[in-house]
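*Asks:* Sequence:
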Amino acid sequence: MSTEPTLDQFRRYLQEQILEAEEINIDNEKNQRLLQLEIALQEAIKFSSEVSLRKEHEKVVFEESKAVRLLTPNNPNEFSVSSNDECPKCETNLDAELDFCPTCEYKK
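Residue numbers (numbering that gives the first Met the number 0): 0 to 107.
Please note: incorrect hints may appear among the correct ones.
As the list claims (entries may be wrong) - Using 30 angstroms as the maximum straight-line C-alpha spacing, the simulated DSBU-like pairs for lysine-lysine come out as follows:
1) Lys88 <-> Lys106
2) Lys106 <-> Lys65
3) Lys65 <-> Lys88
4) Lys65 <-> Lys54
5) Lys45 <-> Lys29
6) Lys54 <-> Lys29
7) Lys58 <-> Lys45
In short, the hints are calculated from the structure, not lab data.
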């Protein structure tokens, strides 16, 4: 028996949380929590349906996406500021007075 929670257990958990949220006395909090839980439940049902359809049509259930761009330079110890002063890791504009990127904290 698997010790990790299943999607079915997650859906049952969400349904229990909906029942508990219906007892919240403050209308605004109650409505907000119910909306969150109902959206989560809908996504879980949608996910389950999508997986079933993919299995039925013998398609890959999940395929890991390839990186869009290189996140680290080939040599992480080498930090060079390009002509337009962008961080080589995240491409954020750099402040010449700082010795690191303020966005990703990559050090020069």
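*Asks:* Now tell me if each hint is right for this structure.
*Replies:* Now the hints, each set against the structure:
1. Note on Lys88 and Lys106: the hinted pairing holds, with a Cα-Cα distance of about 10 angstroms set against a maximum of 30 angstroms.
2. Only pairs whose Cα atoms come within 30 angstroms are accepted, and Lys106 paired with Lys65 is accepted, the gap being roughly 26 angstroms.
3. Annotation: proposed proximity of Lys65 to Lys88 holds, straight-line Cα distance about 17 angstroms (limit 30 angstroms).
4. Of the supplied pair hints, the one linking Lys65 and Lys54 holds, its CA atoms being roughly 23 angstroms apart against a limit of 30 angstroms.
5. Between Lys45 and Lys29 the CA atoms are separated by roughly 24 angstroms; this keeps the pair inside 30 angstroms, and the hint holds.
6. Using a Cα cut-off of 30 angstroms, the hinted pair Lys54 and Lys29 is violated, with the two alpha carbons roughly 38 angstroms apart.
7. Of the pairs offered as hints, the one joining Lys58 and Lys45 holds, with about 17 angstroms between alpha carbons and a cut-off of 30 angstroms not exceeded.
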